[in-house]
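Peer 1: What follows is each chain in one-letter form.
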Amino acid sequence: MAFLRKTLAIVWKDVVAELRTREMFSSMLVFALLVIVIFSFSFDLRVENIVQVAPGVLWVTFAFSSTLELSRSLAVEMENGCLDGLFLAPMDRSVIYFGKMLGNLVFISTIEALMLPIFSVVFNLNLIRPLLLLTVFLGTTGFAAVGTLLAAMAVNTRAREVMLPVLVFPIILPVVISAVKVTGGVLDGAAFSEFAHWIQFLVAFDVIFLVVSYMTFDFVVQG
Amino acid sequence: MIRRLGIGGVLNWLSALSMMAALYLVFLYAPTEAVMGDVQRIFYFHVSSAWVGFFAFFVTLIGGIAYLRGQNRDWDTVALSSVEIGITFTAMAVITGSIWAKATWNAWWPWQQEPRLVLVSILLLLYLAYLMLRAFLEGEERKARFAAVYGIVAFISVPFTFMSIRWWQGLHPVVFEREGMNLTPKMLATFLFCLATFTILYFTLLLHRVRLGRLEDRLRGLREQLR
Chain A
1 MAFLRKTLAI VWKDVVAELR TREMFSSMLV FALLVIVIFS FSFDLRVENI
51 VQVAPGVLWV TFAFSSTLEL SRSLAVEMEN GCLDGLFLAP MDRSVIYFGK
101 MLGNLVFIST IEALMLPIFS VVFNLNLIRP LLLLTVFLGT TGFAAVGTLL
151 AAMAVNTRAR EVMLPVLVFP IILPVVISAV KVTGGVLDGA AFSEFAHWIQ
201 FLVAFDVIFL VVSYMTFDFV VQG
Chain B
1001 MIRRLGIGGV LNWLSALSMM AALYLVFLYA PTEAVMGDVQ RIFYFHVSSA
1051 WVGFFAFFVT LIGGIAYLRG QNRDWDTVAL SSVEIGITFT AMAVITGSIW
1101 AKATWNAWWP WQQEPRLVLV SILLLLYLAY LMLRAFLEGE ERKARFAAVY
1151 GIVAFISVPF TFMSIRWWQG LHPVVFEREG MNLTPKMLAT FLFCLATFTI
1201 LYFTLLLHRV RLGRLEDRLR GLREQLR
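Keeping their order, the protein sequence lines are chains A and B. Note that the first sequence covers residues 1 to 223 in this note's numbering. Note that the second sequence covers residues 1001 to 1227 in this note's numbering.
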């Protein structure tokens, strides 16, 4: 399918660019590590059972790292008129959306893949479980789906670093709540039926916001 | 001398008169609630404010969609005006809700018990983000376009946010079930009248604010011409 090929071409462009410079990757990794350290110290002084806060800390880290990545990913398109270059290519605007979205998904997932073992070590928990990995994937898809659209808006504003979190966080709140609930459920060893509805909820959120973002992306990048 | 009363004038009078009637109903006509006492009277204006807050957001959604379809600036003005009015009423709902919570549950911000308080605060944040987006953008056309898209995305997120906050409470028993408050016919009548009053007030404010917005647009256009 030509659509898929074009989408993957954009993803490939982003991946190759990142492999060459590694600037986004390194900054996200350092940022995520700093967040864990800060959380460890903040909670260690007051919380007896650090496992209780592990899901929250995990998802706050992911949310903030995602914002960093999204902002950077769209900002590079503005430099040197890359976005105009994409528009000149013979393809639908929606290809650009899906291409950027998948690229964001890949990058954020890579960082998360690195963070999960580190978290497991710091919290002394096994976080590499299939259900947890599924939740991380679904949550990240939610971030990327709506984040790509909002980042495309935020990158045009004067205070782009501040604007993106302000736009994104209230909207992805359901994702964070669901993900934290499922993560907590999995770590507590609760029965699947107890948190299955959260996973369905995540899927619904992802699907609906993928569609909405895809439909409105055109209005954001025109002109 | 009979002055011709335009729609603005009619709405002004309607708002003023209905608000006076509402005040009478709330303080004098409605009976005192058995459990909470007179504090319960906050309920009438609190829920009405929250209703207007949500309704205003819905109008912003409509305005946004209409603007994206037709590029008619007036729809963007409606959306923006609705956000400004919505923020005011939502803030009122949050403040009155907090006061009521303190009076009945002795807590200013009962996260665990009251999902709606959290939801309405998120609504306020979404509104503020909308205004912030507009403030930090250059170009009227771009402002309108981006704001419209954000309005749509934000509105769609509200049901999700509501559901997730509600489920988040899990099986915690609600300390005080507000739903269990029985409304006598007098209370119900007062409540419905307050809802209607606030809706009329909303439309009055919307009309005036939209007119102001259109004048601003004209002013901007004239400035461009003179340049």
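Any given hint might turn out to be false.
Heads up, incomplete: computed chain A residues facing chain B, CB under 8 Å, no partners named [what the hints assert, rightly or not]:
#1 Val146
#2 Asn156
#3 Thr157
#4 Arg158
#5 Ala159
#6 Met163
#7 Val166
#8 Ser178
#9 Phe201
#10 Tyr214
#11 Thr216
Derived list of chain A stretches under chain B, where covered just means 3 residues or more per stretch with a C-beta under 8 Å from a C-beta of chain B [what the hints assert, rightly or not]:
#12 1-9
#13 147-153
Simulated restraints, written as ranges between beta carbons of each label pair [what the hints assert, rightly or not]:
#14 B/Pro1159 / A/Pro117: 33 to 39 Å
#15 A/Ala190 / B/Pro1159: 24 to 30 Å
#16 B/Leu1017 / A/Asp92: 43 to 49 Å
#17 B/Ala1107 / A/Ile38: 56 to 62 Å
Everything labelled a hint here was simulated from the structure, so no lab data went into it. From the three backbone atoms N, C-alpha and C, an ideal C-beta is built for every residue, glycine too.
Peer 1: Within 56 to 62 Å or not, the Cβ separation of B/Ala1107 and A/Ile38?
Peer 2: violated (29 Å)
Peer 1: Quick one, is the A/Arg158 hint okay against chain B at 8 Å, beta carbons?
Peer 2: holds (5 Å)
Peer 1: Does the CB of A/Val166 sit less than 8 Å away from some CB of chain B?
Peer 2: holds (5 Å)
Peer 1: Tell me if A/Thr157 is really an interface residue toward chain B, meaning its C-beta lies closer than 8 Å to one of theirs.
Peer 2: holds (4 Å)
Peer 1: Would the hint on A/Phe201 stand, with a C-beta cut-off of 8 Å toward chain B?
Peer 2: holds (7 Å)
Peer 1: Against chain B, does the segment 147-153 of chain A show at least 3 residues with beta-carbon separation below 8 Å?
Peer 2: holds (count 3)
Peer 1: Once the shortest beta carbon distance from A/Met163 to chain B is found, is it less than 8 Å?
Peer 2: holds (6 Å)
Peer 1: Look at the Cβ atoms of A/Ala190 and B/Pro1159 and judge whether their distance stays inside 24 to 30 Å.
Peer 2: holds (26 Å)
Peer 1: Interface hint check: A/Tyr214, Cβ to nearest Cβ on chain B, cutoff 8 Å. Holds or violated?
Peer 2: At 12 Å from the nearest chain B Cβ, A/Tyr214 fails the 8 Å test, so the hint is violated.
Peer 1: Mind checking the CB of A/Ala159 against every CB in chain B and telling me if the closest is under 8 Å?
Peer 2: Hint on A/Ala159: holds, closest Cβ of chain B at ~5 Å, below 8 Å.
Peer 1: Regarding the hint that A/Asn156 lies at the interface with chain B, is the smallest CB-CB distance below 8 Å?
Peer 2: Holds - the Cβ of A/Asn156 comes within 8 Å of chain B, reaching about 7 Å at its closest.
Peer 1: B/Pro1159 and A/Pro117, beta-carbon distance inside 33 to 39 Å?
Peer 2: holds (36 Å)
Hint compliance for this structure: hints 10, 12, 16 and 17 are not met, and every other hint is.
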